[in-house]
Amino acid sequence: MIEIKLQNGGTAEAYPLTQAQRMMYFVFNGFGKNPAMLNIGTGVYWQGAFDADTLREALNEAIGRCDTMRLRFSPDNQFGLVQYLSPALEMEVEEEDLSSLSEEEACATLKGWTKAGVDFVQKPLNAVKIMHMPGGYNGFYCRFHHLAFDGYSAKLFLADAMAIYVHKRTGAPYPKPMKPYLDAMKLELAYLDSDARKADRAYWMRRFSTEPEPVFNDYLLDNRLEKQRKEENDPNRRYVLMFEGDHPDSRTLHYDLSAEDTKKVLDMCAKEELSVPCVLMLALRTALSAFNRRQPDVSFKFMINRRGTLLEKKSGGNRWHFYTLRTVVDEGRSFADAARAVEDEQNEVFRHCAFDTLEMYHIKHMAMHVERLEQTYDSMSFSYHAPLPVPFENEEIRKTAKGVWYTSDYSAQNLYLTAKHRLNDNGLEFIFEYRISEDPAADLAIFYEKMKTALLMGAEDPNRTIGEILDKTAL
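Heads up: the sequence shown begins at 6 in the numbering used here, then just goes up one per residue.
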């Protein structure tokens, strides 16, 4: 802990960034230095009964219960950037009426707010607005900042605000209190000098020094590894120079899996006792295998949100780490067995995932004799957002409810796939955020169809072999 001077003349107790925050700050500084790159925009809207005054009260209470709404940052000569909690909220819930606009115009307006730059030196990072939207929808919009929120804690705030609103409207139980952010943050920082961190570092050193070099699997039909092998006359090269930091502009593709097909997947997971994200990752790796001549050795980065305790779950903040998931799956294995293999590998990574993501990749590159972060074996990243119950007043409102994410159109990754559940019917939504420098939209349409085919074939018959599925997903 260090003491810093504030712009208002006061002082505050400040702390270094946590591991996950350091990764986000590295992204900000290393890939474009765009002020909006770390913004998250999201909205929750519904049709029917709506009370703006009650919602304002609920939002203010939710803001007051959420420590990271008061999280501030300040430059520091020793640590680069430090964090502290402001004693005052310094933010107001505004009300905006976009109901006269078209759906497209309203979306463009909200994306514009999400893309607005944020000066995060001793100032609020986040914004909350009550919204009146086209089509009779009302609700609220939030702009969160990745130094203070990840996807899980953003959803936690949305659910908490809705629970308070429903309590005030209907007398439903008041939601349980949040947990102190500083308590969770201090445990994160204490890990840095712990025996557990030393053991985790030794594990990654040992693993990367002894396992065979990974295989790059592309999601582009014009395979970049093969192109770079020819350009550099190096047939043995296995990593790819993926991106530089000067062209972070991105776009998104959205694909919806029907509620019926999603139910098939979820029912199969329940019956076979399989993890939903692991089944989705198996479908993803099968599509990558199909795009790469049925390659059995597939790697990609996956997001780990480390929230095993009640304190971690209810304290907000950013706990995202991105780790490589590498699986070697024989084509003779059944879909269910292959999903368990994915889960086994995921659990192995989980046991050592408190370790700093950036340091883990430094160790990996050192062991593999790779010099730059842009030289990678992972063509893409994946995250799964489990449904977090968002209470509504009645079933009619639930049927019309929708949650919308507004991207900043800047990305540090060439391709980032997010799988999440729709609010109204729990169906799966797949969001591909891609850098436009490669213009991969046409390839991703094919890629998604391969992934969907693999997912539904496995859901219909988990005893089908991976080879049978690859026969159907072959290019």
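Careful: at least some of the hints might be erroneous.
[Claimed, not checked] The following label-pair restraints were derived from C-beta to C-beta distances: (1) Ala177 with Leu271: 51 to 59 angstroms; (2) Ala201 with Lys268: 51 to 59 angstroms; (3) Arg174 with Lys128: 56 to 64 angstroms; (4) Asp56 with Glu18: 55 to 63 angstroms; (5) Ile451 with Glu18: 52 to 60 angstroms; (6) Thr215 with Gln83: 52 to 60 angstroms; (7) Ser442 with Glu364: 24 to 32 angstroms; (8) Ala177 with Ser442: 31 to 39 angstroms.
Everything labelled a hint here was simulated from the structure, so no lab data went into it. Note that CB positions come from ideal geometry on N, CA and C, so glycine has one too.
Going through the hints against the structure:
| no. | hint | result |
| --- | --- | --- |
| 1 | Ala177 with Leu271: 51 to 59 angstroms | violated, 26 angstroms |
| 2 | Ala201 with Lys268: 51 to 59 angstroms | violated, 40 angstroms |
| 3 | Arg174 with Lys128: 56 to 64 angstroms | violated, 33 angstroms |
| 4 | Asp56 with Glu18: 55 to 63 angstroms | violated, 39 angstroms |
| 5 | Ile451 with Glu18: 52 to 60 angstroms | holds, 53 angstroms |
| 6 | Thr215 with Gln83: 52 to 60 angstroms | violated, 36 angstroms |
| 7 | Ser442 with Glu364: 24 to 32 angstroms | holds, 28 angstroms |
| 8 | Ala177 with Ser442: 31 to 39 angstroms | violated, 48 angstroms |
Consistency with the previously given hints fails for numbers 1, 2, 3, 4, 6, 8, ordered from lowest to highest.
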